[in-house]
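Whenever a hint applies, use it, and build me the whole structure from the sequences.
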Amino acid sequence: MGFWQKAKDFAGWESEQNNSKVASILDRKVTKKTIVAIGTMRAGKTTHFAGLGATAQYKVADSAGTDHPFRFIPREENTNILDDIAELRCGHFPEATKVVSSTTVKPAYIFEWEDPTFFGSRFNVIRQADMPIIDYAGEQLVGLQKRIKAARTLEQASVIQGTEQVDQLTVTVNQASALLLIINATRAEGLPIFKPEPYEKIPGMSRHPDVNMQRIIGPVLELKRINAAFNPPLERIGIVFTACDVLFPIAKTIENFTGRPFDPLNPDISNQSLSDFMKAFFPGTLSLIASLNIKVQYFPSYFELEKDNRGNIVYWNPEEPDLDKKEPKIKRGNIFDSPDWVHNVNRPKYTEYWFNREIEWLKEFATRV
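Residue numbers are given in our numbering: position 104 of the sequence shown equals residue 104, and the series is strictly consecutive.
All the pointers check out, no bait thrown in.
In silico DSSO-like links for lysine-lysine, alpha-carbon gap of 27 Å or less:
{"hint": "1", "residue 1": "Lys252", "residue 2": "Lys195"}
{"hint": "2", "residue 1": "Lys331", "residue 2": "Lys195"}
{"hint": "3", "residue 1": "Lys295", "residue 2": "Lys363"}
{"hint": "4", "residue 1": "Lys326", "residue 2": "Lys349"}
{"hint": "5", "residue 1": "Lys307", "residue 2": "Lys325"}
{"hint": "6", "residue 1": "Lys295", "residue 2": "Lys32"}
{"hint": "7", "residue 1": "Lys329", "residue 2": "Lys195"}
{"hint": "8", "residue 1": "Lys59", "residue 2": "Lys32"}
{"hint": "9", "residue 1": "Lys307", "residue 2": "Lys349"}
So the derived label-pair ranges between C-beta atoms look like this:
{"hint": "10", "residue 1": "Arg71", "residue 2": "Pro192", "range": "39 to 45 Å"}
{"hint": "11", "residue 1": "Pro283", "residue 2": "His68", "range": "37 to 43 Å"}
{"hint": "12", "residue 1": "Tyr315", "residue 2": "Phe194", "range": "19 to 25 Å"}
{"hint": "13", "residue 1": "Ala96", "residue 2": "Ser287", "range": "28 to 34 Å"}
{"hint": "14", "residue 1": "Asn312", "residue 2": "Arg207", "range": "28 to 34 Å"}
{"hint": "15", "residue 1": "Arg207", "residue 2": "Asp340", "range": "46 to 52 Å"}
{"hint": "16", "residue 1": "Ile202", "residue 2": "Val314", "range": "29 to 35 Å"}
It should be emphasised that the hints constitute simulated quantities derived from the structure, not laboratory data. It should be emphasised that the depicted structure is a prediction, and the values quoted were computed from it without experimental measurement. Beta carbons are placed, not taken as given, at the ideal position from N, Cα and C, and that holds for glycine.
Next comes the structure, spelled out in structure tokens:
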């Protein structure tokens, strides 16, 4: 075996047969892994996905021209992902997911990292994380839960009546090596911030958020177990807590009461803090995850709201009498309030650090052998 062939094997590259150019032996190889993002209704999935997309776009711009370019490829398909990102930059929360008759073409994000090898940047290695987004409305999720639960195998699930969505969901999940669960912090039943899901409006929903989350991921984990011989095992699980700013006043109370640190935003103790939060308020969901013996990574997520001089939230429609229909403004930067205006104008104020940590977590997952 010659030097170039050994180099190719060491770096993990594959090439076409071409005797005219030595460089063709070291063509770049792209490896891809799939992660599925999923959550219950009104968990903030759409807003989080939009924030993740915005963060990825910023990251692409910052890495351009470097030896480690990062690429973000959104597949919008029949959704409004790009509009959702633009809405955040304008200070609006994206609209909640609507019920659609068909979602056979799923939206997705593709994250791509390119790193040079010891042969130089001409022979970079490329890794991808493919994130199909399962963002169904609550009415659809309940129906999907029931139908998937009734299916014992992937084959049975794919032939259930009216199964365009079921088939897509089962195939997507079976291809996935990781799950990203989206949970709204206000679903912590027992806290003053608790906001129940509209279970009474949707037949099949439980009044208990922990139960709904179990019913979402339970069939998913079961399908992975049943079809273990035909699809990759789960390697990673991430949990995003949206609207985690509601925990800030509670965090100090918890610290004072227990004598133990609790801070979702502190990088040193964030994971432990949110793990404890999960144990307390979503024990059933955590028990399903713990049975997999997979390390869980937590990510806090929130968007800062604009407030007036008195600390009151500013709304786009302040005259709206229905509080549930009032739309708060997201605080964002403008061209005049920072010398680094290129990185500030129309940039929402949010947990950008943690969104970047999430992208780095995806990279670690994508490059894991």
